[in-house]
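Peer 1: Spelled out from the first residue to the last, the chains are:
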Amino acid sequence: MYGDKALELIMELKRAAEGSLPAYNEDGVRQVLEEMSVLYDQNQADVLQEPSMTGGESLISAVQFRHTCLERNQRCLLAYLHNRMEMIKTMRWEFGSVLPPDIKNNMSEQESQWFNRYSKSLASYMRSLGEEGLDLTQDRKPPKNLFIQVRCLMDYGEFETEDGTLVVLKKNSQHFLLRSQCDLC
Amino acid sequence: MMDPSEVEFLAEKELVTIIPNFSHNKFYLISGDIGPFNPGLPVDVPLWLAINMKQRQKCRIQPPEWMNVEFLEAKKQEEKESAVFEAVMNPHFMEMSKLLLTHAADDITNADEVHALIKDLWDIRAAKLRQSVDKL
Amino acid sequence: MSTPDESYEEQDEDSEEEEVEMTAAEALAKLEEAWLNEKFAPDLLESKSDLVDCMLEQINQMEENLRKCKKGDMRILIHRMEIDRIRFIISSYLRRRLEKIEMFHQEILHRDSLRKEDDPLLLSEEELRFAKDYADGVQSHFKSLVLTHLPQNFQKLDREKTAPKPDVDSYVFLKANRDQDQVLIEPELDDDPSAEVVDLVKDSQYIMRFRPLAPLVADGTVSLI
Numbered sequence: 001m002y003g004d005k006a007l008e009l010i011m012e013l014k015r016a017a018e019g020s021l022p023a024y025n026e027d028g029v030r031q032v033l034e035e036m037s038v039l040y041d042q043n044q045a046d047v048l049q050e051p052s053m054t055g056g057e058s059l060i061s062a063v064q065f066r067h068t069c070l071e072r073n074q075r076c077l078l079a080y081l082h083n084r085m086e087m088i089k090t091m092r093w094e095f096g097s098v099l100p101p102d103i104k105n106n107m108s109e110q111e112s113q114w115f116n117r118y119s120k121s122l123a124s125y126m127r128s129l130g131e132e133g134l135d136l137t138q139d140r141k142p143p144k145n146l147f148i149q150v151r152c153l154m155d156y157g158e159f160e161t162e163d164g165t166l167v168v169l170k171k172n173s174q175h176f177l178l179r180s181q182c183d184l185c
Numbered sequence: 001m002m003d004p005s006e007v008e009f010l011a012e013k014e015l016v017t018i019i020p021n022f023s024h025n026k027f028y029l030i031s032g033d034i035g036p037f038n039p040g041l042p043v044d045v046p047l048w049l050a051i052n053m054k055q056r057q058k059c060r061i062q063p064p065e066w067m068n069v070e071f072l073e074a075k076k077q078e079e080k081e082s083a084v085f086e087a088v089m090n091p092h093f094m095e096m097s098k099l100l101l102t103h104a105a106d107d108i109t110n111a112d113e114v115h116a117l118i119k120d121l122w123d124i125r126a127a128k129l130r131q132s133v134d135k136l
Numbered sequence: 001m002s003t004p005d006e007s008y009e010e011q012d013e014d015s016e017e018e019e020v021e022m023t024a025a026e027a028l029a030k031l032e033e034a035w036l037n038e039k040f041a042p043d044l045l046e047s048k049s050d051l052v053d054c055m056l057e058q059i060n061q062m063e064e065n066l067r068k069c070k071k072g073d074m075r076i077l078i079h080r081m082e083i084d085r086i087r088f089i090i091s092s093y094l095r096r097r098l099e100k101i102e103m104f105h106q107e108i109l110h111r112d113s114l115r116k117e118d119d120p121l122l123l124s125e126e127e128l129r130f131a132k133d134y135a136d137g138v139q140s141h142f143k144s145l146v147l148t149h150l151p152q153n154f155q156k157l158d159r160e161k162t163a164p165k166p167d168v169d170s171y172v173f174l175k176a177n178r179d180q181d182q183v184l185i186e187p188e189l190d191d192d193p194s195a196e197v198v199d200l201v202k203d204s205q206y207i208m209r210f211r212p213l214a215p216l217v218a219d220g221t222v223s224l225i
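Chains as they are written, first to last, in UniProt numbering: chain A, 1 to 185; chain B, 1 to 136; chain C, 1 to 225.
I should point out that these hints are in silico values taken from the structure, not numbers from a laboratory.
Cβ atoms here follow ideal geometry from the backbone N, Cα and C, with glycine treated the same way.
There may be inaccurate statements among the hints.
Each computed BS3-like pair below joins lysine-lysine, with the alpha-carbon atoms no more than 30 Å apart [as the list claims (entries may be wrong)]:
| # | chain 1 | residue 1 | chain 2 | residue 2 |
| --- | --- | --- | --- | --- |
| 1 | A | 141 | B | 98 |
| 2 | C | 132 | A | 104 |
| 3 | A | 141 | C | 165 |
| 4 | A | 14 | C | 156 |
| 5 | C | 100 | A | 144 |
| 6 | A | 120 | C | 100 |
| 7 | C | 165 | C | 100 |
| 8 | B | 119 | B | 98 |
| 9 | C | 100 | A | 89 |
| 10 | C | 156 | A | 120 |
| 11 | C | 132 | C | 100 |
| 12 | C | 68 | B | 13 |
| 13 | C | 156 | B | 13 |
| 14 | C | 68 | A | 120 |
| 15 | B | 98 | C | 156 |
Not the full set, but computed from the structure, chain B residues with beta-carbon under 10 Å of chain A [as the list claims (entries may be wrong)]:
| # | residue |
| --- | --- |
| 16 | 10 |
| 17 | 12 |
| 18 | 48 |
My request is simple: use the sequences and hints to build the entire structure.
Peer 2: Here's what the structure looks like:
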């Protein structure tokens, strides 16, 4: 059925796990392009044969049908590209300008180029903010300046908190620390 | 659309009264001046700061005037009897009470009952919202 | 003492020439309002880069002051927390704008090209640069990957039909910051005497389509919630 391969491309993306990028389907895209080429040539041939399109209903509907298939394939291809582009964009915001190898390997050459261009453009914009730039990929959630109670699992020694207070982290001692500082130790 | 953490973020700007146990002169925050602080003397600070100070055991929090059983019972009754939305005591009452009950329950008289009443009030209003949306 | 209406008009005329003096607290309040408006509006709103620059400057100044503080000073933690909060608002605001700029880049760049000298800025200078590069990047990406390989008739995309546009007819929640009479619910029916009109009352909340509200959001008559 015409259009099946194009649809399959879209479905492939829908099935992809959250946060992953399936490999660029070079073959799939090529097949859709080939199919379009065949349909287009057939239409061209038909129209040339009957320039006034008086060949009766069946000819007209054949041409119309192929045209509809062509449009559908075009839409699917563009949607495939567009959706992958959006996924790649998300990766830039999640991982920064250096992508994990498994994602990098799944991008086509042109997609890599697009990613690099977008990455640079974004970095350039962020650097232009204020005097020293502002990393917009950080601070995605409102700050939670809450203290949480932690228990030390082992002797750590002295730890200096943001405002300079020294806390001695001994095994089994309990302290209140800012959440952000818990990440550090 | 706002996610819950952002709704809470907005609510954290509301001023609440604390009773500090320390001394300090004014803090000149960008959003305005706070203090000075003297032990035992009430001061108004934004909720985010109040909660933080409470956690570091530097103050008690004075519950807002609407956060008591009498007031909330009356409010709940009012809301129940009315077909329309009654005015609320504070646009952020839900988030404020969640934060205060979580981190300063010991400063709130009858905290459990207050919690239940606020939930009831919320539920009544939520039901009204569902009804009016259905009508639309 | 001028009436509120008079002084408001003055501000409008003068804001081009003079910088309206405002305190840091006022600027922060205005930035918060801009953030919420931008968050809830389906369309890209006027650029408030001057407010952003102002707050970034405030934050930097504060960071510098904190570096000079003695260790253990109670102020450090408190100011840091406030800085985190302000930085979140700025980031969230700018991210929301980028989101719309990327989504509607063709329509936005087109609208920007129609701007006249004195019209308020839709995009900051850097946003414009970003938008143009983004548009170019997307176009060459599509071209190289697909469009040039397509049969002749399918190589060009009709921008009118394919460029996404913000849905200005979607509904938004708002509150009125002041009384405003005679708001046309359907601005398209401007000359129609039977066109529906609504009076907004200060501090009341409403749900309406965004389209008629755009100018009221821009001049602060209403805030989106």
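Peer 1: Hint by hint, say whether it matches the structure.
Peer 2: How the hints compare with the structure:
no.	hint	in the structure
1	141/A with 98/B	19 Å, holds
2	132/C with 104/A	26 Å, holds
3	141/A with 165/C	28 Å, holds
4	14/A with 156/C	27 Å, holds
5	100/C with 144/A	27 Å, holds
6	120/A with 100/C	19 Å, holds
7	165/C with 100/C	10 Å, holds
8	119/B with 98/B	10 Å, holds
9	100/C with 89/A	14 Å, holds
10	156/C with 120/A	28 Å, holds
11	132/C with 100/C	14 Å, holds
12	68/C with 13/B	27 Å, holds
13	156/C with 13/B	52 Å, violated
14	68/C with 120/A	35 Å, violated
15	98/B with 156/C	56 Å, violated
16	10	9 Å, holds
17	12	8 Å, holds
18	48	6 Å, holds
Hint check: violations occur at hints 13, 14 and 15; the rest are consistent with the structure.
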